[in-house]
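All chains should be modelled from the sequences, with the hints used to inform the complete structure.
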Amino acid sequence: MELTGATWRKSSRSGNSECVEVADNLPGIVGVRDSKDPTGPVLTFTPQTWRTFLVSIKRR
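Every position in the sequence shown, counted from 1, becomes a number in the working numbering once 53 is added.
Since the hints were derived computationally from the structure, they do not count as laboratory data.
Being a predicted model, the structure only gives us computed values, none of them experimental.
Check the hints yourself; a few may be wrong.
[Said to hold, decoys possible] List of simulated lysine-lysine pairs, BS3-like, C-alpha gap at most 30 Å:
# : residue 1 : residue 2
1 : Lys111    : Lys89
2 : Lys63     : Lys111
3 : Lys63     : Lys89
Shown next, in the form of structure tokens:
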């Protein structure tokens, strides 16, 4: 998966904590990685799958 040009961001709620980072600026893909290991593995999702996940966790 090509992630060149990904712009990674953390939640504003994470403060200075280490957590996951999300790159949602690439067409057709959303990347998720561990902020402690930025060169490590990346999970990828379709934008629709990512939106479904976000809606699901916001309901909890």
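Q | Hints breached by this structure | A | Those not satisfied: there are none.
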